[in-house]
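Residue numbers (the numbering used here), protein chains in the order written: chain F, 425 to 805; chain W, 425 to 805.
Mixed in with the good hints, there may be bad ones.
No distinction is drawn between identical chains; accordingly, a pair holds when it is met within one copy or between any pair of copies.
[What the hints assert, rightly or not] Computed cross-link-like contacts, DSBU-like style, restricted to lysine-lysine with a CA-CA straight-line distance of at most 35 Å:
| hint | residue 1 | residue 2 |
| --- | --- | --- |
| 1 | Lys621 | Lys722 |
| 2 | Lys798 | Lys681 |
| 3 | Lys722 | Lys509 |
| 4 | Lys564 | Lys590 |
| 5 | Lys564 | Lys681 |
| 6 | Lys753 | Lys768 |
| 7 | Lys733 | Lys590 |
| 8 | Lys442 | Lys681 |
| 9 | Lys758 | Lys678 |
| 10 | Lys581 | Lys798 |
| 11 | Lys678 | Lys564 |
None of these hints come from the bench; they were simulated from the model.
Number of protein chains: 2
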Amino acid sequence: MIATSNRLSDVKEYYFSKKLRAIKILEEQGQNIINIAIGSPDLDPPKQILSALTNASILPQANGYQSYQGLPELREAMAKFYKNKFKVNLNPKNGILPLMGSKEGIMLTSLTFLNAGDSVLIPNPGYPTYTSATKLLNAKPIFYNLTAKNNWLPDFKTLEKQDLTKVKLMWLNYPHMPTGSVATDKLFIQLIQFAKKHKILLINDNPYSFILNDNPTSILSFPGAKDVALELNSLSKTFNMPGWRVGMLLGAEKYVKAVLQVKSNMDSGMYFAIQKSAIAALESDENWYTKLNTVYKKRRDIVWQIMDKLHCSYNKNTAGLFVWGKVPKQTNGKALADYLLEEKQVFVTPGFIFGSQGKNYIRISLCETENVLKTVLNRLK
Amino acid sequence: MIATSNRLSDVKEYYFSKKLRAIKILEEQGQNIINIAIGSPDLDPPKQILSALTNASILPQANGYQSYQGLPELREAMAKFYKNKFKVNLNPKNGILPLMGSKEGIMLTSLTFLNAGDSVLIPNPGYPTYTSATKLLNAKPIFYNLTAKNNWLPDFKTLEKQDLTKVKLMWLNYPHMPTGSVATDKLFIQLIQFAKKHKILLINDNPYSFILNDNPTSILSFPGAKDVALELNSLSKTFNMPGWRVGMLLGAEKYVKAVLQVKSNMDSGMYFAIQKSAIAALESDENWYTKLNTVYKKRRDIVWQIMDKLHCSYNKNTAGLFVWGKVPKQTNGKALADYLLEEKQVFVTPGFIFGSQGKNYIRISLCETENVLKTVLNRLK
């Protein structure tokens with residue numbers, strides 16, 4: 425076999441794909457496993473996206489290559505969304521790049537800004553893809569520890585003590601996954617100062633803004649942010665469209681243009697009718713958000729009860745699609761997750777997969793119905 | 425501004441995006457430009473894909489994250505397509521990876537196999553994306569010259585004279601774009617021997633197989649190919665679905681699996697309803713191909729007349745979506761293309777954009793109606 429590149433040697437198989445295979449075997453043996461581990465929204469997307477899809481698909485221009493930049497009207501809808509929701513002004517001509525999901529944006533921005541040997545600040549705990557994109561480009565992850573004590577916000581004293589000369593990018597993700605922690609305004613202001621001082625590009629991955637969050641915030645709303653920050657957002661969680669693959673990169677023209685240069689060499693614009701559906705979703709009125717969060721609130725109440733039953737402690741003042749629970753002292757996240765899968769046929773996420781700072785935690789998703797969550801509760805009785 | 429990575433310094437803006445901006449300005453000045461430069465199929469895709477899209481979009485599983493590997497039934501449809509059309513047996517479980525267009529496959533395979541400093545054999549003339557993906561990863565393009573004399577097939581004597589020790593990949597693209605040259609069986613057999621001898625992975629980019637080609641061929645149909653070759657294919661040209669972004673990577677499990685490892689860290693599976701539409705397209709019967717080529721044949725007749733009018737010489741025994749014409753001795757491809765745009769308001773592709781070997785050529789696309797092509801002919805009278 426012709427050898428693969430070194431960049432692969434350090435990138436492991438995604439925990440979930442391995443675990444889901446094991447679960448499939450258990451199910452084939454007759455076990456009834458309840459999966460409350462994964463954050464894939466189960467609720468319906470806005471109804472209007474389906475008619476938008478069908479109506480757009482029959483137009484003559486629907487089948488041809490689309491612009492790398494997406495339709496102007498999609499960029500305008502995204503600009504309006506950012507203006508309405510975050511009070512952020514973006515130029516729809518060059519300050520917004522539609523993406524096939526924000527996950528694509530992690531790799532694209534890494535490709536755009538990282539040389540081999542550069543360093544990247546990555547939250548621990550955090551979304552594993554920041555690390556794998558970094559490693560795929562032979563850049564070096566430097567993990568910054570988040571702690572419950574500091575409400576899972578970065579500690580600048582510790583950050584400043586590190587050698588930051590080779591750091592090019594810093595990944596942020598507020599509201600934070602997996603902990604649900606919400607950033608303060610003060611934090612964003614400090615981060616912008618920090619980034620300016622050390623010439624680091626901040627990228628805030630912001631897909632959870634609208635889930636159980638009273639105060640959706642974009643890093644781009646703070647003074648000076650556009651000089652040193654980009655934001656990624658997504659329709660996956662806000663509009664229950666994860667499989668449609670629609671995300672966006674937002675920020676200053678100079679940065680967005682550089683990412684577009686990479687993107688234009690890698691893929692093409694997304695399917696016309698999906699872009700039209702995305703516009704329809706972005707135009708949802710306030711009711712959409714209220715209804716969505718009413719459902720998640722009820723589910724979260726039950727998940728809190730599950731956490732109580734497991735003697736896990738948790739913060740009620742969090743946002744996002746998950747509850748993050750600290751396990752009792754005599755166990756750890758992996759042991760508790762294994763126990764729940766083996767003894768109760770319930771699959772939860774052990775916190776260690778998000779980094780060492782997560783090892784005494786488990787994460788439970790709100791993407792299952794109240795009935796399913798109640799069944800879990802019953803199994804624990 | 426925080427600097428972009430070195431990988432960008434060597435990647436230029438795509439010729440077409442620059443030229444199309446200039447054309448837009450001419451049109452705003454009132455000129456009626458006819459664009460016969462670009463290979464974006466204008467014909468309708470198979471009708472059944474639209475109902476497949478609509479029907480699939482309303483299913484409950486349509487909105488969620490999809491597997492990185494795509495639906496099993498999509499991989500099975502792709503396997504059947506390769507079996508029927510190319511007599512190639514592929515394991516739908518692990519020998520096929522659905523892609524968001526074959527262009528994505530160029531970057532993915534480059535990421536999977538290339539270290540910085542590796543070399544890559546790239547055809548001159550050839551599709552510019554092979555070069556930009558290579559440069560984006562700080563690998564080194566080594567161009568192998570194709571000549572009309574050798575019917576645009578690689579010359580092994582010259583290839584063997586080069587230092588091949590650092591070569592990891594070799595891009596092939598038969599039927600060849602831009603020349604339309606079709607590979608012989610002997611060539612594929614020689615290429616496989618060459619690749620085995622020098623431990624080079626061949627990737628045949630095969631999107632033009634079914635356009636004006638009496639004998640569609642996959643490199644994977646030759647003995648030993650799977651040890652040293654992958655193939656990329658696409659629904660863009662065969663089914664007039666370029667904007668839908670559906671392609672595929674095909675070959676031995678060991679290689680496909682490695683590419684999947686990279687892909688799973690970069691994006692997610694494609695939209696469920698698009699996968700269902702792709703299945704519907706792949707199930708088209710023989711009539712589809714006959715009808716498609718009847719239209720292209722008529723158009724090509726007119727393009728040949730255009731080439732005659734321009735005193736360009738061309739090979740009638742070619743495949744694909746373009747006619748590749750050698751310009752008269754007293755001019756070159758760029759000068760003729762500029763003249764046609766300025767004096768006749770006709771946009772054709774100058775061959776130099778595919779490499780130095782294309783500099784005395786122009787390329788005309790078959791993606792315009794007979795009427796439009798006849799208007800071009802009239803403008804030249």
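Broken hints, by number: Those not satisfied are hints 1, 2, 7 and 10.
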